[in-house]
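Engineer: First to last, the sequence lines map onto chains A and B.
Per the working numbering, numbering of the first sequence is gapless, rising by one per residue and ending at 301.
Per the working numbering, numbering of the second sequence is gapless, rising by one per residue and ending at 252.
Please keep in mind that the hints were generated in silico from the structure rather than gathered at the bench.
Just to be clear, a hint being listed does not mean it is correct.
[Stated by the list, open to error] Just a few of them, taken from the derived set where beta-carbon distance is under 7 Å, the chain B residues facing chain A:
{"hint": "1", "residue": "12"}
{"hint": "2", "residue": "69"}
{"hint": "3", "residue": "73"}
{"hint": "4", "residue": "79"}
{"hint": "5", "residue": "89"}
{"hint": "6", "residue": "102"}
{"hint": "7", "residue": "103"}
{"hint": "8", "residue": "106"}
{"hint": "9", "residue": "138"}
What you are looking at is a predicted structure, and each value in this text was computed from that prediction instead of being measured.
Beta carbons: idealized from backbone N, C-alpha and C, even for Gly.
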Amino acid sequence: MSIFQALVYFVREATTGLVRSLRVSVLAILTIAVSLFLSGALFLASQNLARTVRGWRAEARLVVYFDRASDAERRGELRARIAAGAWTETVAEVSAAEAGRRFERAFPSLAELVQGRGGALPHSLEARLRPPAAGEATSFAAWIEGVRALSGVEMVDADQDWIAQVETLLALVRGLGLALTAILLGASVFTIASVVRLTSFLYRDEIAVMRLVGATEFFIRGPFYVEGILQGLLGGGIAIGALAGLHAFVRQKIATSAIAGLLADRFLGPSQLLLLLLFGALAGWLGAVISLGKESLQPSA
Amino acid sequence: MIQFFHVSKRFPSGQSALDNVTLEIDRGEFCFLTGASGAGKTTLLKLIFREEIPSAGQILVNRRNVSSIPQRKIPYLRRTIGVVFQDFRLIERKTIFENVSFLPRILGLDASRQKRVAFEALRRVGLSHRMSSFPRQLSGGEKQRVAIARSLINEPEILIADEPTGNLDPDLAQEIVKLFLEIHLRGTTVIFATHDRALIESVGHRVLNLAHGRLVDDRPSRRGSSPGPAAPSGETETGDAGGSPRVGDSPS
Chain A
1 MSIFQALVYF VREATTGLVR SLRVSVLAIL TIAVSLFLSG ALFLASQNLA RTVRGWRAEA
61 RLVVYFDRAS DAERRGELRA RIAAGAWTET VAEVSAAEAG RRFERAFPSL AELVQGRGGA
121 LPHSLEARLR PPAAGEATSF AAWIEGVRAL SGVEMVDADQ DWIAQVETLL ALVRGLGLAL
181 TAILLGASVF TIASVVRLTS FLYRDEIAVM RLVGATEFFI RGPFYVEGIL QGLLGGGIAI
241 GALAGLHAFV RQKIATSAIA GLLADRFLGP SQLLLLLLFG ALAGWLGAVI SLGKESLQPS
301 A
Chain B
1 MIQFFHVSKR FPSGQSALDN VTLEIDRGEF CFLTGASGAG KTTLLKLIFR EEIPSAGQIL
61 VNRRNVSSIP QRKIPYLRRT IGVVFQDFRL IERKTIFENV SFLPRILGLD ASRQKRVAFE
121 ALRRVGLSHR MSSFPRQLSG GEKQRVAIAR SLINEPEILI ADEPTGNLDP DLAQEIVKLF
181 LEIHLRGTTV IFATHDRALI ESVGHRVLNL AHGRLVDDRP SRRGSSPGPA APSGETETGD
241 AGGSPRVGDS PS
């Protein structure tokens, strides 16, 4: 029998098996769908968040506020020193007057706090930095601390500080997502294993006949493997449909919710969707392999 | 064709099914295997098609030591042996055609050839008109004839029958025996397990008698060593006995 003929036979028998034990098959498919949906939702959210964080990091700034005692000469020295930093791309000085104007624009209702009070806000320097490469985190943090310690500097605001915190949080969410995925997929594998075992039990007499007439293990086990894979693919398909629905729903909320924008900017790409389906198929196949252990298809005495 | 050398079979529970059995069945021979329930008939048959492995001794089938055949080769051994059981073992959800054509399908025959060999096998047992029926629509005798057709589909060299008439009334039993005798006439080695003494006496072929796992009697055929017309009187309804093509035993 050719591989194509065998596949056609396996798919037909697997479909019959799915229909024959419909309720438990639906249970297995839904279990894997829920697992993949939750895993996919976590992955989608973390991916969008990571993209946003990357954007933030690319635009990260270092704002150095000079103390009021610093004169123009000292500010010039400090500017030159910061501009020479290994991560500095551009530097721009913001005068006290410009800082006051910005404050008025940003907080019109509080404008009176700075109006007519020259020097209410200090001179400052805004530096755009390139993101530190992997392995540069320590030296980058040391450089920031060095800037903070410079004479004439009153305060330093480094976006990298809170971005690093968000990235730590993101890594934690990803780790939890992976752990959750592993647990849920494990549960799915065992659900599918139970379903395939049940189906093989229903078919045990037929399997005995197949052995009797000389069917090979490949021919006997093939339909059960395909049944597991079909369950996984169906579960994956349902999960993708539900994810698309959830994404579309959250996208509608972007206009009114900043969080929605962070988490649902883009949907999963084709390769990621394919990966989700493959995970489903793999879980299904694994379930079938586990359920059809060496002895499980042996004829009953 | 089939040789047992000091074969014993003891199950893990400690129960002994066969004890030091030595026998030889020639190519083309028809022999009855008889004995009370629990005498070891079924175990002996299962040893031939490697459903069981002997605890001691050697078994040769067609000069192949079946005890040492690797697991993956067992299907190919079984394709040379037809097996018929008392309970028919038909697949209820499949049609008669599908039941009979299962082996040709796994051997990769195209649909028209599958149909042809299935039709031929069913014609030999007189059921070619029931190809699209399901087993539940058939009588006990018809089901057994379908099981025989299935066992004949690959023109096996050996046909093993384990109490094939056990579930049938005497008339149907005679009909089934006639079928086996016809198959034997075409050169197939037949081993027919039964405890129906009257049936055995009516045919007169070699009888192997088991008791408590031991071969206690080996009575030669009263009909001579070569296969010959041995059917009890009466017409068969099995169509002609012309040869049908072997569907091939290439691995699938």
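Engineer: Provide an ascending list of the numbers of those earlier hints which the structure does not satisfy.
Structural biologist: 1, 2, 3, 9
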